[in-house]
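Asker: With the sequences and hints as input, model every part of the structure.
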Amino acid sequence: MIPPAFDYARPASVDEAVRVLADAGEEAKVLAGGQSLLPLLRLRLAFPELVVDVGRIPGLRGVREDGNTLVIGAMTTHHDVIHDPLVRRHAGLLASATATVADPAVRHRGTLGGSLAHADPAGDLPAVVLALDGELVAQGPRGRRTLPARDFFVDYLQSALEPDELLVEVRVPKADGWGFHYEKFHQVAQSWATVGVAVLVRRDDGHIAEARVGLTNMGSTPLRASETEDALSGAGDAAAVTRAAEAAAEGTRPSQDVSASPEYREHLARVLTRRAVLAAAGMG
Amino acid sequence: MTDQAVEGEVGRARPRKEDARLITGQTNWTDNISVNGLLHLAILRSPMAHARIERIDVSPALERPGVIAAFSGGDLADGLGSLPCAWPVTEDIVLPDHPAVAVDEVRYAGDPVAVVVARDRYTAADALEAIEVDYEPLPPVLDLEAALTEDSPLVHSDKGTNRCYVWPLKTGEDFDSVRQRAEITLKRRYHQQRLIPNAMEPRAVVVTPLAASGEYTLYSATQIPHIVRVMMALVTGIPEHKLRVVAPDVGGGFGSKLQVYGEEAVALAVARKTGRPMKWTESRSEGYLATHHGRGMIQDVEIAANRDGKLLGLKVDLLADMGAYLMLVTPGIPILGAFMYPAIYKMDSYDFTCTGVFTTRTPTDAYRGAGRPEATFAIERIVDDLAAELGLDPMEVRRRNWIRHEEFPYTSVAGLTYDSGNYEAATEKALALFDYDKLRAEQADRNHRGDTVRLGIGVSTYTEMCGLAPSRVLRDLRYAAGGWEAASIRMLPTGKVEVVTGTSPHGQGHVTSWSQIAADVLGVPFEDVEVVHGDTRLVPQGMDTYGSRSLVVGGTAVHHAAQKVVDKARKVAAHLLEASENDLEFTNGVFSVKGSPDARKTIQEIAFETFSSHNLPDGMEPSINAEHLLDPDNFSYPHGTHLCAVEVDTETGQTHIRSYVCVDDVGKVVNPMIVEGQVHGGIAQGIAQALYEEAVYDDEGNLVSGTMADYLVPSAPDLPDFVTERTETPATSNPLGVKGVGEAGTIASTPAVVNAIVDALRPLGVQDVRMPCTPERVWRAVKEARS
Chain A
1 MIPPAFDYAR
11 PASVDEAVRV
21 LADAGEEAKV
31 LAGGQSLLPL
41 LRLRLAFPEL
51 VVDVGRIPGL
61 RGVREDGNTL
71 VIGAMTTHHD
81 VIHDPLVRRH
91 AGLLASATAT
101 VADPAVRHRG
111 TLGGSLAHAD
121 PAGDLPAVVL
131 ALDGELVAQG
141 PRGRRTLPAR
151 DFFVDYLQSA
161 LEPDELLVEV
171 RVPKADGWGF
181 HYEKFHQVAQ
191 SWATVGVAVL
201 VRRDDGHIAE
211 ARVGLTNMGS
221 TPLRASETED
231 ALSGAGDAAA
241 VTRAAEAAAE
251 GTRPSQDVSA
261 SPEYREHLAR
271 VLTRRAVLAA
281 AGMG
Chain B
1 MTDQAVEGEV
11 GRARPRKEDA
21 RLITGQTNWT
31 DNISVNGLLH
41 LAILRSPMAH
51 ARIERIDVSP
61 ALERPGVIAA
71 FSGGDLADGL
81 GSLPCAWPVT
91 EDIVLPDHPA
101 VAVDEVRYAG
111 DPVAVVVARD
121 RYTAADALEA
131 IEVDYEPLPP
141 VLDLEAALTE
151 DSPLVHSDKG
161 TNRCYVWPLK
171 TGEDFDSVRQ
181 RAEITLKRRY
191 HQQRLIPNAM
201 EPRAVVVTPL
211 AASGEYTLYS
221 ATQIPHIVRV
231 MMALVTGIPE
241 HKLRVVAPDV
251 GGGFGSKLQV
261 YGEEAVALAV
271 ARKTGRPMKW
281 TESRSEGYLA
291 THHGRGMIQD
301 VEIAANRDGK
311 LLGLKVDLLA
321 DMGAYLMLVT
331 PGIPILGAFM
341 YPAIYKMDSY
351 DFTCTGVFTT
361 RTPTDAYRGA
371 GRPEATFAIE
381 RIVDDLAAEL
391 GLDPMEVRRR
401 NWIRHEEFPY
411 TSVAGLTYDS
421 GNYEAATEKA
431 LALFDYDKLR
441 AEQADRNHRG
451 DTVRLGIGVS
461 TYTEMCGLAP
471 SRVLRDLRYA
481 AGGWEAASIR
491 MLPTGKVEVV
501 TGTSPHGQGH
511 VTSWSQIAAD
521 VLGVPFEDVE
531 VVHGDTRLVP
541 QGMDTYGSRS
551 LVVGGTAVHH
561 AAQKVVDKAR
571 KVAAHLLEAS
581 ENDLEFTNGV
591 FSVKGSPDAR
601 KTIQEIAFET
611 FSSHNLPDGM
621 EPSINAEHLL
631 DPDNFSYPHG
641 THLCAVEVDT
651 ETGQTHIRSY
661 VCVDDVGKVV
671 NPMIVEGQVH
681 GGIAQGIAQA
691 LYEEAVYDDE
701 GNLVSGTMAD
711 YLVPSAPDLP
721 DFVTERTETP
731 ATSNPLGVKG
741 VGEAGTIAST
751 PAVVNAIVDA
761 LRPLGVQDVR
771 MPCTPERVWR
781 AVKEARS
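These protein sequences, in sequence, are chains A and B.
Heads up: the first sequence is residues 1 to 284, going by UniProt numbering.
Heads up: the second sequence is residues 1 to 787, going by UniProt numbering.
Bear in mind the hints are in silico, worked out from the structure with no lab data behind them.
This one's a predicted model, so the numbers in the text were calculated from it and none came from an experiment.
Hints are supplied without guarantee of correctness; some may be wrong.
Stated by the list, open to error - Below, simulated EDC-like cross-link-like pairs (lysine to aspartate or glutamate); rule was C-alpha separation at most 20 angstroms, straight line:
#, chain 1, residue 1, chain 2, residue 2
1, B, Lys783, A, Glu246
2, B, Lys187, B, Glu389
3, B, Lys783, A, Glu266
4, B, Lys564, B, Glu621
5, A, Lys29, A, Glu16
6, B, Lys783, A, Glu263
7, B, Lys310, B, Glu406
8, B, Lys429, B, Asp393
9, B, Lys170, B, Asp300
Answerer: Written as structure tokens, this is what we have:
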């Protein structure tokens with residue numbers, strides 16, 4: 001667990017961070033809470049020449065409202081997300097899913113922005129922000145741009161951020177009145193999700209009017225179970241939900257690893273989707 | 001566990017004296033040790049399971065700034081002998097050469113191939129990348145059965161076979177004849193997956209050479225400083241009296257530090273070559289490759305019985321994965337289990353064979369329980385299967401076969417004499433705490449309803465052999481050393497006490513327990529006792545700590561040594577009080593003359609009088625210090641009943657331990673809090689084998705579960721509340737009546753959990769789930785049974 005040698009910069013502002021990143025080109029990595037990057041360094045799976053620590057930049061932490069949108073600073077820790085009254089009121093799915101991340105030590109250090117920028121499909125929060133129809137705001141030398149979550153996650157551990165861009169904000173539309181549930185399946189408390197399912201449902205007159213289903217660890221990026229989402233529209237009982245959930249693994253390409261085979265992950269996606277939707281819709 | 005009203009110290013739930021310094025880190029862990037001019041070692045390890053080293057060039061590493069030296073295996077070979085195996089279990093065992101650093105062939109992924117010495121740890125690690133090695137890949141040997149076939153590639157080609165040894169034990173009636181007369185026989189195959197021990201503190205070594213006198217001090221995070229000293233003297237050629245070995249406070253071992261490691265030899269060799277102090281500390285992932293593993297067996301078990309459940313005989317054929325080399329006690333681990341397969345049951349015939357097999361994987365060796373968890377698993381699983389086959393309650397089959405309490409001492413079919421036990425009492429208590437009948441009713445109800453979440457009840461009634469070991473038994477088993485233990489007591493002039501113990505604690509709390517034992521015998525306050533351990537210069541003799549031996553052998557030695565101190569002090573007291581020794585009473589540390597209570601001397605006063613020596617009996621040595629070396633007459637046999645209720649989600653395969661009850665009988669208890677802690681940790685480790693942990697290799701022999709992200713060690717949130725209770729049937733083999741508790745939980749819990757899972761799924765047609773019973777394995781078992 002000895003990381004290779006690297007240079008270290010600790011910019012005081014977003015502008016400075018962007019400049020430092022631009023100068024370093026492809027060889028820099030941003031250090032947020034360090035809960036993903038440090039293990040990669042220590043296992044010598046990442047060899048950046050420069051580590052840019054954005055932990056001291058003011059203004060990147062905290063949650064505010066912007067009309068019908070919640071704006072969460074990229075450096076807001078998991079712990080703060082879980083306990084933030086605005087997040088709890090308007091994006092309960094995010095609060096409850098974040099509470100399942102790893103352990104208290106990780107949640108006190110790790111950040112929402114870091115977790116999203118790391119783009120690990122096994123992480124809980126990418127699928128959640130995808131289900132929330134969130135947007136990610138990046139700042140670079142060419143200014144700010146806003147990316148919808150569905151465009152942000154490009155491939156395994158790869159986001160749409162340019163090397164000289166810093167993720168500064170996460171914007172999620174308020175989901176007031178939506179039912180929600182994050183169903184996480186993992187072997188031990190501290191392990192990654194074998195599969196996770198993030199569900200939001202809007203109910204209308206006892207039926208599901210609209211559903212959004214995000215899948216954790218079912219491919220090289222977080223995914224939406226769009227066939228299931230369509231099939232859920234109008235579902236009014238458990239049987240209909242069960243039928244809709246049968247399509248949850250359509251279009252996914254889960255990986256094979258020590259903890260599970262693709263076949264098993266597909267099976268889990270169907271079972272967990274059914275359970276998550278029933279819980280979110282209050283039909284369980 | 002409450003501190004019940006106890007007279008004296010033994011039996012009191014004393015908080016551990018050593019915890020403040022251990023928990024706050026105000027102690028010397030090996031990696032904390034720093035001396036002037038300290039250099040750092042890093043080790044280049046084979047990335048392949050099996051390959052010929054065609055060429056190795058360490059010189060590019062030397063060009064890196066800060067690098068002091070670099071050595072290949074060949075560079076170190078002339079100063080280092082083969083690493084030792086102290087337990088050649090048969091006369092014709094295949095004993096391969098085991099260089100500390102590979103010379104021409106690597107035999108597991110992680111086998112050392114070169115060493116870099118640098119000014120700091122980072123430079124040393126970076127410089128490894130500069131070393132050039134050309135490997136010619138050789139075929140890996142991974143499958144235990146295939147390894148024994150004629151055309152298998154060989155781990156050690158010069159030996160002509162991958163069969164390390166065949167060790168048989170046949171006792172009682174011939175098994176074939178028992179099989180003939182049995183009304184039912186069952187054959188099962190169980191797999192003991194490889195486990196990685198995971199002590200909290202990784203291995204670490206510091207060597208400080210003293211060139212002028214040719215002396216070396218080796219600090220090592222080891223369980224066995226005394227054995228390391230002997231073995232390192234033999235391996236390195238450093239004369240034993242010039243080698244001091246220190247085990248500072250050590251952060252756990254679970255058997256993984258019951259070892260003589262190549263890194264210890266390399267650090268000594270490189271310190272000798274350079275004349276400079278050396279440090280090496282492994283990282284967790286390096287430890288996963290290079291610290292020995294545990295378990296790794298295929299167990300073919302056959303049981304013969306009558307239809308009333310009466311057991312007649314047992315046949316066990318083991319294939320045991322040695323890994324690539326034989327380390328300190330590698331071949332002996334399955335043999336430690338050999339005697340325990342018949343467990344608590346009476347039967348007429350036992351037929352055991354173990355075949356040791358070389359593979360191109362990390363060597364195996366002791367891991368908590370060492371052979372006995374494997375044995376207990378197999379017998380407890382097959383007894384459950386037998387009960388199911390016969391339509392009997394699993395507890396009833398056990399009752400019909402176990403040794404009844406009035407039958408002790410009892411010589412088992414395997415030849416061990418169990419001195420004491422009361423399986424009935426422990427079981428009755430456990431069943432009551434567990435609410436067995438109510439859970440059975442709920443189980444039946446769920447089965448009847450076809451609930452997707454099934455309930456299973458797992459039973460494990462175990463015994464184990466602890467207190468290693470009578471030296472003559474070890475001789476008969478061809479183990480190189482003895483099983484005695486040493487203790488001495490130093491009475492200081494001010495009345496304080498130093499207990500010097502040959503045991504080497506690494507988390508067990510010996511400092512506290514030994515203080516309690518000594519305080520009771522000497523009649524001094526608990527706080528006035530200090531315990532010295534783990535340094536061959538301060539503790540001249542010892543056999544160290546493993547196999548739940550420390551209390552039974554080492555603690556008893558402390559008791560005897562303290563008794564000797566009292567006997568000597570009595571002579572001084574009699575002299576000073578002008579009374580006959582026979583007229584003296586000794587209570588709570590005070591000698592008094594019977595009938596004249598004012599004529600008294602405290603043991604502290606005697607200690608000072610002995611120090612001044614102004615007025616001792618004629619001819620008496622001016623010391624009341626005493627030493628005792630104890631060679632036990634027998635093993636000790638803790639036992640108990642563990643019950644586990646598991647809910648199994650048949651849709652996902654997820655298991656959830658709903659309740660866990662154990663009643664252990666570890667004999668007399670010195671410190672109930674320490675006992676409870678040992679039981680908790682042991683159960684957790686046993687559950688980990690049942691549900692979570694496995695060293696997984698790919699087809700090329702690479703360790704896939706190479707970090708804690710893939711090797712799942714459970715933590716508190718993953719475990720249920722344990723209900724732990726005890727019965728107390730004293731051991732008759734030692735005056736304290738103690739039996740040992742370090743491994744009980746691990747031995748008992750694994751079969752309890754797996755039995756519960758299988759019990760839950762049997763109505764669906766599931767007969768077994770291979771460990772670890774991961775959700776996917778459980779799901780597949782259900783799926784296959786249904787189809």
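Asker: Of the numbered hints stated previously, which ones are contradicted by the structure, given in increasing order?
Answerer: none
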